[in-house]
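The listed protein sequences derive, respectively, from chains A and B.
0 is the number of the first residue of the first sequence in numbering that gives the first Met the number 0; add one for each residue after it.
0 is the number of the first residue of the second sequence in numbering that gives the first Met the number 0; add one for each residue after it.
Derived from the structure by calculation, the hints contain no laboratory data.
Here the structure is a predicted model, which means the values were calculated and not measured.
Take these hints with a grain of salt, some might be off.
[Stated by the list, open to error] With the C-beta cut set under 10 Å, the calculated list includes, among others, these residues of chain B facing chain A: (1) Gly80; (2) Ser82; (3) Leu83; (4) Trp97; (5) Ala107; (6) Leu166.
Idealized CB from N, CA, C, for every residue including glycine.
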Amino acid sequence: MKTRLSLGQKSALLSLALFGVILLVWQLATLPAAPTVAAGVDPEYAALMGGGTSNAASSFPTPAAMAQTVWEKLSDPFYDNGPNDKGIGIQLAYSMARVLAGFFMAAAVAIPLGFAIGNSRMVYQAIDPYVQVLKPISPLAWMPLALYTIKDASASSIFVIFICSLWPMLINTAHGVANVRKDWLDVSRTLEVNPLRLAFRVILPAAAPTILTGMRISMGIAWLVIVAAEMLVGGTGIGYFVWNEWNNLSLTNVLFAILMIGVVGMALDSIFGVLGKRVAYQE
Amino acid sequence: MTNSTIHPFLQVEHLARAYPSPTGGDAVTVFDHVNFRIHKGEFVCVTGHSGCGKSTILNILAGLDTASAGNVFMDGREVAGPSLDRGVIFQSHALMPWLSVLENVAFAVKSRWPSWNKHKVHDHAMRYIELVGLKGAEHKKPSQLSGGMKQRVGIARAFSIEPKMLLMDEPFGALDALTRGVIQEELLKICAETQQTVFMITHDVDEAILLSDKIMLMSNGPHARIAEIVNNTLPRPRERSAIHREPHYYPIRNHLVDFLVSRSKQFGALRDAPDAPSSPTVFDPADLVEPAASAEPETLHTPPVGKPHIHLVNA
Ligand SMILES: Nc1ncnc2c1ncn2[C@@H]1O[C@H](COP(=O)(O)OP(=O)(O)OP(=O)(O)O)[C@@H](O)[C@H]1O
Ligand SMILES: [Mg+2]
Chain A
0 MKTRLSLGQK
10 SALLSLALFG
20 VILLVWQLAT
30 LPAAPTVAAG
40 VDPEYAALMG
50 GGTSNAASSF
60 PTPAAMAQTV
70 WEKLSDPFYD
80 NGPNDKGIGI
90 QLAYSMARVL
100 AGFFMAAAVA
110 IPLGFAIGNS
120 RMVYQAIDPY
130 VQVLKPISPL
140 AWMPLALYTI
150 KDASASSIFV
160 IFICSLWPML
170 INTAHGVANV
180 RKDWLDVSRT
190 LEVNPLRLAF
200 RVILPAAAPT
210 ILTGMRISMG
220 IAWLVIVAAE
230 MLVGGTGIGY
240 FVWNEWNNLS
250 LTNVLFAILM
260 IGVVGMALDS
270 IFGVLGKRVA
280 YQE
Chain B
0 MTNSTIHPFL
10 QVEHLARAYP
20 SPTGGDAVTV
30 FDHVNFRIHK
40 GEFVCVTGHS
50 GCGKSTILNI
60 LAGLDTASAG
70 NVFMDGREVA
80 GPSLDRGVIF
90 QSHALMPWLS
100 VLENVAFAVK
110 SRWPSWNKHK
120 VHDHAMRYIE
130 LVGLKGAEHK
140 KPSQLSGGMK
150 QRVGIARAFS
160 IEPKMLLMDE
170 PFGALDALTR
180 GVIQEELLKI
190 CAETQQTVFM
200 ITHDVDEAIL
210 LSDKIMLMSN
220 GPHARIAEIV
230 NNTLPRPRER
240 SAIHREPHYY
250 PIRNHLVDFL
260 VSRSKQFGAL
270 RDAPDAPSSP
280 TVFDPADLVE
290 PAASAEPETL
300 HTPPVGKPHI
310 HLVNA
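Excised from the complex, chain A in its bound form (with noise of 0.2 Å):
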């Protein structure tokens, strides 16, 4: 029985069975730590029972409030009760828009900068000195200076994102384009074809998977970098929801969001994994 299950069922029942591990572990680390306090008790009652020394545990959801607080939140995600209470498809929302204004926007000139780079090694050698000492900066280090110049708390987020997604697609742009076979470059070349043709017909699908690995790194570092943004900055958003859930000191839903970012990183991350395999060819 065991020998003919095929190995993705195997790594799915693997799955499962981590998940029941994790599950059981939880609720093991939520149990209250009074043995008299009866299972399903109301967890503040439960805290306060405890007493001081079991507190952090007690106030910790429980794998079963969790799950109550997923459903509740993910019924009902486009609410909108004011400045501080709005649905969890709102909060995203306006992280996704930033997120994606701030990639494009640094897609637009670092793909066009990084065929001009890897085209030609005099504007690399030139371009070089700057690229290398901007891509190591946090790019929160840039928030003040963002505030300062334009003034509205959202742009500044958009800018922070521009500047972390600029420097993965402009260096892989640049290697891409610099490391097109010269083959195709001599076969075009014998064939009289137009600058202009070179770059959209040959180059550009040459350079293709190399330029789509730089995007998805960048859309990765930006998903990341969003959070912290936004945290900074507030009003609106996931990072902000966060942080206000943590001031709320409502853990459950500080769980429930840091769930909903991992899962919106990795749907935005299979995006460019699926176009990565469109663009991607076998030499």
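Since the structure of chain A is already known, use the hints to place chain B with the ligands on it.
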């Protein structure tokens, strides 16, 4: 033939190429004083030891590389850069892996005739794909093809732009003997049909004998030269299975092998007098077997003294 002797289609004069020395000393001259002519419709093979500069010469003819000295004229005009007039078949086939067979050929056709509509480009490309026997595989990607099929696509692509001249750098070097034979016969057929002028590099003596009208032999570098020119007098049409029965086959073959094995090294003497003019000796098997018959116009140079005996003995 006599007319084209006066106005050769391709003329190469005192071509030389030097590379900066890796150790920082004087530049290394790979070859110099390379002179030859190719007539319209002629199939010329070049052979010589690895590193003597064959690919470099081909790239200069293609316009992909520049010479340190000397000139190349095609059709009366100097070659200065790549052109659709010269199709190139690369050893590594150089197909674009993200395009299908049809798209690869159509890309070349569209480059040659930008004003053509999709339909016309498609039909023209398909004609050449059929010519190399790849009908039915036109929607496959290069990665789904065998080495021989890929090379055929390269041939279809080069022929499809109907260039005035075809340049091939060891096009079949990476193929197994059986596939190579089949493609050689196809190439022979296509060239006969299209009257194509061809310059081809090969390491395969039998391939050179099967395909060429003239075989140029290069001495070893540095300061490599075109040391000898062999007129391939085997009658056409040729067949791979039958050419070894031709009386001129073994004299030519032995001459080529002899050159590669021993004589190519002796030309190293040229290195001591790098500016000495070079005029390749011409070997014509017709001079051996029937000395009186058919003196070609090219046979103006004196044939190598003493060599006929060696070859008659070997034959
Ligand atoms: N970029 C370069 N820099 C320095 N030397 C080079 C360069 N390219 C080629 N050479 C030298 O030029 C010589 C001729 O090279 P080429 O590729 O033309 O040889 P080839 O006759 O085609 O050899 P093979 O039969 O192996 O293909 C070689 O000795 C090589 O070392
Ligand atoms: Mg070579």
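Query raised in the report: Among the hints numbered above, which are violated by the structure, and what are their numbers in rising order?
Result: Every hint satisfied by this model.
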